[in-house]
Amino acid sequence: MNRFFFFLTIIGVPLSLIGSFMHWSPILMFVLNCITIIGLASYMGRATESLAIVTGPSIGGLLNATFGNAVELIIAILSLKAGLLNVVMASITGSILGNLLLVGGLSFFVGGLKYKRQRFSVFEARHNAGLLIFSIVVSFVFPDVFSTRLEDNATHILSIAISIIMILIYLFALFFRLVTHRGVYKGQDDDHNHVEEDEVPEWSGVRAIIVLAVSTLFVALISENLVHTFEPVAKSFGWSELFIGIIIVAIVGNAAEHASAILMAYKNKMGIAVEIAIGSSLQVAMFVAPVLVLVSVFFPTFMPLTFTIPELVAMVLSVVLIISLTTDGDTNWFEGAVLLATYIIMGIGFYLL
Amino acid sequence: MNRFFFFLTIIGVPLSLIGSFMHWSPILMFVLNCITIIGLASYMGRATESLAIVTGPSIGGLLNATFGNAVELIIAILSLKAGLLNVVMASITGSILGNLLLVGGLSFFVGGLKYKRQRFSVFEARHNAGLLIFSIVVSFVFPDVFSTRLEDNATHILSIAISIIMILIYLFALFFRLVTHRGVYKGQDDDHNHVEEDEVPEWSGVRAIIVLAVSTLFVALISENLVHTFEPVAKSFGWSELFIGIIIVAIVGNAAEHASAILMAYKNKMGIAVEIAIGSSLQVAMFVAPVLVLVSVFFPTFMPLTFTIPELVAMVLSVVLIISLTTDGDTNWFEGAVLLATYIIMGIGFYLL
Amino acid sequence: MNRFFFFLTIIGVPLSLIGSFMHWSPILMFVLNCITIIGLASYMGRATESLAIVTGPSIGGLLNATFGNAVELIIAILSLKAGLLNVVMASITGSILGNLLLVGGLSFFVGGLKYKRQRFSVFEARHNAGLLIFSIVVSFVFPDVFSTRLEDNATHILSIAISIIMILIYLFALFFRLVTHRGVYKGQDDDHNHVEEDEVPEWSGVRAIIVLAVSTLFVALISENLVHTFEPVAKSFGWSELFIGIIIVAIVGNAAEHASAILMAYKNKMGIAVEIAIGSSLQVAMFVAPVLVLVSVFFPTFMPLTFTIPELVAMVLSVVLIISLTTDGDTNWFEGAVLLATYIIMGIGFYLL
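Chains as they are written, first to last, in full-length UniProt numbering: chain V, 1 to 353; chain Y, 1 to 353; chain D, 1 to 353.
It should be emphasised that the hints constitute simulated quantities derived from the structure, not laboratory data. Where is the CB? At the ideal position from N, CA and C, for every residue including glycine. Among these hints, one or two may not hold up.
[To be verified] Now the in silico label distances, taken between C-beta atoms and shown as ranges:
hint, chain 1, residue 1, chain 2, residue 2, range
1, V, Phe172, D, Thr180, 40 to 50 Å
2, D, Thr148, Y, Leu294, 25 to 35 Å
3, D, Glu202, Y, Ile251, 48 to 58 Å
4, V, Leu171, D, Thr180, 44 to 54 Å
5, V, Leu62, Y, Glu151, 46 to 56 Å
Could you build the full structure based on these sequences and the hints that come with them?
This is the structure in structure tokens:
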């Protein structure tokens, strides 16, 4: 697996840079950039994990939470700077849908083919359910409903206020899990997933920082190019910007996470798989999205926290579905199939839009 | 009970046929046809159950699932052929509302008058909750939201795609319950409901097939007549087509099921009662509705999977309510009263519409 | 605490009466009236509780349920008489939001600062969840969706029908809890909250009735004045009527309850705190709101059961959030923070509206 990502990176990075210099065709560059970013993202993930082990659980959790979505954040900020507001909103939607339905669905399905029932902590599931409801159902639906009755200016104030509150709650959630209630809910259920082995970091602290810095730099460089291929690619294939954001950018930005979640499910560590699927969605909703809103204050076009109705409905439906499937702390192949079916339905819907 | 249905049938069938020949008044024919179909439906139900016991649980489950809603499917296809699109959509809605709220409510209420608390498998309840969310909340809401933003052609493609996916998931669900996870979740809770006695079929296989074939034939014949009485009856009573579909057709199409669910609740076999109430709704949502969409491709008027907003809201609210009442695997008279109250509210709403 | 309310009352009542006589400025009178009512409400609450203990649990429960929201009901009826329809609807919304989010949130948060985990009966939580869904999600959403498709007259009939059904279900709920299923679900979970100590009433029956009668009389008098200050105050501060109703009236009408819920949470009697927070919301939704609809039949302007979309969405989101946080029968400071964050978000939204 690591070897595969190594090849993607070692071949992708130089080709991407050469290509951008030589002005290769947008479609070729789009594919090339996507592949390279997938490779680099795996390095960022591994570096973050090593750092997290070195620095201990509290700071490690914070690092994981912040850098876990660094690729998405970078692509989104660069797109925002380029004025591609719709693509950014769509990629947030796509990231959430992709993590909940595609990553979750594949994990449950693939894991379920090997094991009849897979279990994970009911407490984690409920904690996450509450946060999904708060971040997606409350914080995303609310400004959408109010914005149609507010002037633009008031919508902006509301978006900024909600974004600040969401980031605070996100930090509270980390504080809750890593400090005040660390281990409080443990052992309550037989979550053999959470046996914390003495983990050995893959890389030393210094090496991890260097890898993280270099790969982040390259991701930023290549994302810059990637963003500019969106429009010509969309035109060539007849895709909407929405579809590019929701399906393509979301898959590219999360490819490394996708792979590791499914691997964990296959190893019967369903707790970690669920944590990646739902946890990533929460990070995007509670951290990436509000940060983008706040960053956009300094950009020419402000990004209000108002998704289009189809985006909003798709996210809310996905949240309701995943909650109804996960609150029992028990998964099987059929639940995976239902999630994947929903992802396909939504993919078709957004393609037709 | 059986004797009562025997009388309905033996008197109803000849009168219905004579009446249609003699062109009796539409209102008389409407009542006559409804009563006859209720009688015949009970025969179809008994024949299917006998066949299911003879063929064993796997094929039996499939038979039950397919023929359980045969009457509704026949009435719906004939209405569709007659171009009564609204009546068909309304009868799907009514069937789902009727099963969840009326059958469920009466079962909980009547059973609850005799027993303080009635229990059923929590696992079944959660499995069904996931499917209700998938089929009604996701698959019905999604095309409605998208259709206002899509051209008719794209809405049709989306409806067909969703219908195919729903039927696949429906088959997967049968496969999951009858094959891969048969008995996996059993004994987990003290569901004394599910003690499988050695069941003896009422009729032999051959006799059951004959009864099934003959009664299906008559149902088809009489439904053909019934469909043509809708318009004149609606005019006479000042009812809307919506009301006829939602209340009348739904009650007629499900009368036999209603009776047996309540009987089971009264015998404290709440697991079976819930299975009938929620299971029937799921069959209508995941099998009858998508089959009608696919069948309508060959008819002059295509039936997209887009319900009216009142229909959609009523279904979604019912699903949310029944899930909130059943996830604890415990029912009582008060929960039944709440379901019945909701049915009455919705009935009044649709009557006024 | 009681001393504090004593001071509020002893100073507030004469000043309020003098002020109304001397025509002091509306803003001063608004503040004065609000403070006085908070003081009087605490006396009404204590009198009701004493009476409830004297009369025994069944009639006591009924008394508590009826007089628990007497202040709100009085303010609302007087506002309705003055034609302030929007303020009344907004105060219902505000009362529900305030109880669920502010009272619930503060209880969970304050209690959670002292105790790592606080528990309450899972059964109560689920019973309440079902009622919240029935009353707010079903009974409030349904007329809103239908009213846009109905003539005014039909909307009125629907509102009246739903109101009658809600009051019936409310009475059934009392009958269920106090008579048929009293204690049935007890001891099932380790709810040490519900240990019924032999309670001693603060006041004798006669004295309680006198206190209740006198304080109710004064509340009515002062509310009459309060209602007429709404318009000038709204103008002076640039607040909308919606904001006054949702935030100000709701806080004033529920101040005494707020205080006692938080006190109970701090004493680790989370069961009672939750009962106040969710129970009060249910009383407002299932009793106060429908009674107002029925009473308004005799007033010049009829009050249909149709909230504005922002009000409706805010209530539904709050219900979904509180259910997702309470169904596990376990609270902590973080869940409190999430509820408070949601209240702040909604407060900002309604302020901007």
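Checked hints:
no., hint, verdict
1, V/Phe172 with D/Thr180: 40 to 50 Å, "43 Å, holds"
2, D/Thr148 with Y/Leu294: 25 to 35 Å, "32 Å, holds"
3, D/Glu202 with Y/Ile251: 48 to 58 Å, "55 Å, holds"
4, V/Leu171 with D/Thr180: 44 to 54 Å, "48 Å, holds"
5, V/Leu62 with Y/Glu151: 46 to 56 Å, "48 Å, holds"
When held up to the earlier numbered hints, the structure conflicts with none and fits them all.
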